[in-house]
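Undergrad: For the record, the sequence lines run as chains A and B.
Counting in the working numbering, the first sequence runs from 234 upward without gaps.
Counting in the working numbering, the second sequence runs from 234 upward without gaps.
Derived from the structure by calculation, the hints contain no laboratory data.
Some hints here could point you the wrong way.
Each pair may be met inside one copy or between any two copies, as identical chains are not told apart.
Listed next, the in silico DMTMM-like pairs over lysine to aspartate or glutamate satisfying Cα-Cα at most 25 angstroms (straight line) [what the hints assert, rightly or not]:
no.	residue 1	residue 2
1	K895	D575
2	K673	E517
3	K896	E593
4	K411	D569
5	K914	E450
6	K445	E776
This is what each chain is made of:
2 protein chains.
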Amino acid sequence: MDFTSFLTSLGTSFVIFVVLMIVFAWLSSRPGNLVVYYPNRILKGLEPMEGGKKTRNPFSWIKEAASSSERDIIAMSGVDTAVYFVFLSTVLGILVICGVVLLPVLLPVAVTDDGGKSQTTSKGTFGELDNLSMANIRARSARLWAFFIGCYLVSLVTLILLWRAYKHVLWLRAEAIKSPDVKSEQFAVVVRDIPPVPEGQTRKEQVDSYFKAIYPETFYRSMIVTDNKEVNKIWEELEGYKKKLARAEAVYAGSKTTAKPEGTRPMNKTGCLGLIGKKVDSIEFYNEKINEFVAKLEAEQKVTLREKQQAAALVFFSNRIAAASAAQSLHAQMVDTWSVFDAPEPRQLLWPNLKIKYFERELRQYVVYVIVALMILFYMIPITFISAVTTLKNLVKILPFIKPIVRITVLRTVLEAYLPQLALIIFLAMLPKLLLFLSKLEGIPTESHAVRAASGKYFYFTVLNVFIGVTIGGTLFNTFKTVEEHPNKLVSMLAASLPGNATFFLTYVALKFFVGYGLELSRIVPLIIYHLKRKFVCKNEAELKAAWAPGDLSYGTRVPGDMLIVTIVLCYSIIAPLIIPFGVLYFGLGWLILRNQALKVYVPSYESYGRMWPHINNRILAALILYQITMLGYFGVQQFLYAPLLIPLPLLSLGFGFVCAKKFYPSFQHPALEVAAHGLKEVPNMELVFRSFIPPSLSSEKIEDDQFEDASSQVSRSTSFV
Amino acid sequence: MDFTSFLTSLGTSFVIFVVLMIVFAWLSSRPGNLVVYYPNRILKGLEPMEGGKKTRNPFSWIKEAASSSERDIIAMSGVDTAVYFVFLSTVLGILVICGVVLLPVLLPVAVTDDGGKSQTTSKGTFGELDNLSMANIRARSARLWAFFIGCYLVSLVTLILLWRAYKHVLWLRAEAIKSPDVKSEQFAVVVRDIPPVPEGQTRKEQVDSYFKAIYPETFYRSMIVTDNKEVNKIWEELEGYKKKLARAEAVYAGSKTTAKPEGTRPMNKTGCLGLIGKKVDSIEFYNEKINEFVAKLEAEQKVTLREKQQAAALVFFSNRIAAASAAQSLHAQMVDTWSVFDAPEPRQLLWPNLKIKYFERELRQYVVYVIVALMILFYMIPITFISAVTTLKNLVKILPFIKPIVRITVLRTVLEAYLPQLALIIFLAMLPKLLLFLSKLEGIPTESHAVRAASGKYFYFTVLNVFIGVTIGGTLFNTFKTVEEHPNKLVSMLAASLPGNATFFLTYVALKFFVGYGLELSRIVPLIIYHLKRKFVCKNEAELKAAWAPGDLSYGTRVPGDMLIVTIVLCYSIIAPLIIPFGVLYFGLGWLILRNQALKVYVPSYESYGRMWPHINNRILAALILYQITMLGYFGVQQFLYAPLLIPLPLLSLGFGFVCAKKFYPSFQHPALEVAAHGLKEVPNMELVFRSFIPPSLSSEKIEDDQFEDASSQVSRSTSFV
């Protein structure tokens, strides 16, 4: 890549960014789009735009985002989002400090030397960047000392800011946990691996007597986990019919207002997808169906509560300290029985995973790890195979009906160009979902934990395949084989190939922030989908609301993406310091734009009180260590005699990670008692706490308030007398 | 070694054993020796010999030991000793089962083959053993299948018996912990890493308010850990003078009964060791000294309680569940503050280690690990150096006063023969103490934990240096260098050298059990020391009692010794199955003789409720894995094509260890709540519980009962008004 095409690429990205900004400014002010650009505010019952529409200029969002405090973020989007911003601002801080110190020093040092022409920091003839990088320094030159000191500076700044950030996140977490509001999850623990029910006892009696003996004063009540698969299915069908009924009524009401005052009663066919079968009156039909399913649901609820009890339970305590202490204590002598963890928010609980046994969970975990490891190493094999098979010719053979399409020349050309990549593109798009699915297979009991696990896997995938893959070139598997035979080669291989890819990564980062964040802010895709749905699909309010539902920040995939940039920028920070401003722009723009999105768009789907942070911290450290080791290798390549003086750096990073893991991590696993001991502003209504954990498919409006308990106690009675 | 000398060696050992048995039978029945052979019974206030002296024949101890139940052992010597016997009987069980199955099969299979003459299981010409071992099998012979199946048998039997043993020990531990007797350590936790005292509060107020907030109902009281170095010194001096006074009075009383009725008042010199200085009347002098030191002690006690408070405390709870749960909960957000563990028995607490800070402990641990690793690898270097320096010639130069001794020819010869080994002998004798000292340096807070840590280090030392060292020959360091360069060579090196050392280890095991256990039972050395002391040193009852104080079973050094035998026997069990009966004899005799010693001699110095077991279990597993890997290597040496089929074995062992660590280990770290929730037979007297933790140097008879508390609360008052 030469300098012109580098500039062209940068320029194009920038133009796209500017266009997207203008589009955003224009679209977001149109009233019809408010639900796409301000859903979080609307759902919270706030005015979409602060201070009304008139006082706003198109760029006031920048001021609003920049001036918003951490408290605003927590109020609007929760602690998890605030922690994500701690991550962004920490990395931004590191890069700004390093940039301010390093750029004025390293660039002149590099540009005034003239010995490194034998090396290059760009494939091709991009000499201008070479002059600004370490590649321009003669081997063994004393000028390398400047870069050497730079290495130490970057490491120390990173560690110091990480330390401060960890402490800050810990404080955020503590503040949230000790808040005087009653949060039902703080009064409950989840018990798994309950041993078989003894003769003459029900599951509920077993659990109650066990916990009453240990917590005579603070035990409140237990809820046995049931297998809700069947009841959920019925409930979902029922909800589906309710929606369809509402929709049919809306259509009917709509048709009434026009020409015929009695309206056209909507009709539908009863068969598959409403395409075949008998034609019936929709409203009548759905009403019948609803009645049928309500009865079915009630019957199934009883059966579920009575007969589908699992070896897991939720146990409720009447105060926070008891629950916090119970969640971290060893209850049974055999650790694989009565194992306990602190309850997450009710919405996060993955009920089907609760019943999985201790060692089955362990086994599943390792099996999933092996699958993921194989996937990371060998994902190219099936994709190459599929690409080879899915040529147009083959496709036509298998799917004869696409023949007419293939005949059109333009389409044919496009298809032939993209088909080889199609499998890869689909795979990469599906990957986060696939990893989340695999993580849930591990038997992880909460949504947020599964997201963390998936995010970790995604991180390894991107760093190993994108960063190391692109750098070294060729598939990871080949590298892996070489490395296995000569373990020490990895470092020198990385170090030798790094400089050659500087330009590639510069443009990559630029593309990411200009186009990526431009699309993020302008929300073009959700906007189009929303308008299409509104026009052609949605018939009533509920459906419309579903159409603009914003989703959450999805930091399960966002963090690994950012982390890849962190890795790239850190690894090049000394070799080609010019990458630092690009990193600053990425994290600066990201901070600003996502701040806007967090305040106005995304609605968090759960709250884990910043449990993501230890993972973020460790992955930044991993990136730092990778950087330190490659620098060690690169100084070796540059024949710098004092290169071994860099060895303390990775050791320091490891020590830092160790200290963090020891000092901070446990209070991310469990709430510390001193935190849980803070007072509440009101006596908790334990009944409400209890009911908040009843899954919607089991709580029926028709059944009286205490029915849930009754149903269970009926079970007790009926089975204990059998 | 040829067959004759092998038999001679065995015979000699056996003769020594028989002689020692006869000596024991004769000496133990003499009334004057009862305190040496029955101290545990005497200290417990029981009749030294069960059923009186007359009904006994000299070998009735065998019947008594064999018929004693586990309950007897726990009553006489505690759970730790019972767990030690679980270890002995488990290994014994493994060896008996394997012996019964393997010997009748493998020996005929080996002896009827004739192809292995190229190999040998003994250095020299000991063909008789060769015929009975795997070395007699031709390479690639189908007969190897018998040995192959033997490998699986030994592994499976070991794992099954270990599993049963672990469950049994867990049960023993639970029974002991849930016993209805009040044990003061079950009501206390130790708190370390208390943050600096806030302005205007005393340490005690800080601790009390912190725990009262978290445990408003169950918190009883706290005891601040103080720096007792000074007060301990004074207290020991005082106790010394008290002993000397008692002795002087005994001498005076003794002199009175003889010729002069007024007696000779004993005199002593005040200077160093009583050799120089002014001559004074002993009784008067010691009385003066005692008065002086009592005053000093009281003053120092006050100063200690007031001014030498450390950042650690004991916290007492009014019930067992609260203490058990507090010991395993995270109290502070920062894990390196307010860290907590369950209190050990008061006598086990290592007060000086309590104040060491969290990360200092971590650091100390790693430093000690490095020192021990260096010691294991390089211990021969300083010893060789010292041996080279300490020739007689050099010694005479340094210590001229030994010249007359050197002139005696006999002594000279003996000295010249033993001097080279002297450094090694002294080093090996000191090693357990040295390792215990190093373990305490780690900052470990309890005696039993320090013993476990030292025992682990000793295990690595013996297995690595004795077993692998002897087998491979040469120093471990040379091996280490080879292994580092070619990691796969270790296995084949071990496998190739193992058979050659079979005879050496056979005689080693025989020596160990015949001579070792013979000496153990006959207690010749303690007997001689006791009689010498009684004759020349002891003047009163207290001193006499100190002279026959039996000490404990000291399994810190015993277990590693046994473990070496386990390793040897397991590793040779298939190659030279003849070693199995030797192993059976070792553990059978050991079980019997130590049973006698546990019931009658040793007095346990602490009780950790079997916390040694997980370590024992893991080390047996380590020995098993070593055996499995060497067998894999040896089958390779024998060119057995199906050798890779042994690979599942080490994996199985690792999996077993993993499952044990997950399933059982945590309840050895902390008492499970379901166990602690068992009722007590009486309401605990919390005052007594509290007082039992006051170190003797701080509890003075003169001070009133509640003085301890008062002293501390005075401090509170005096400092809080400053």
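Undergrad: Against the structure, test the hints numbered earlier, and report the numbers of the ones violated in rising order.
TA: 2 and 6
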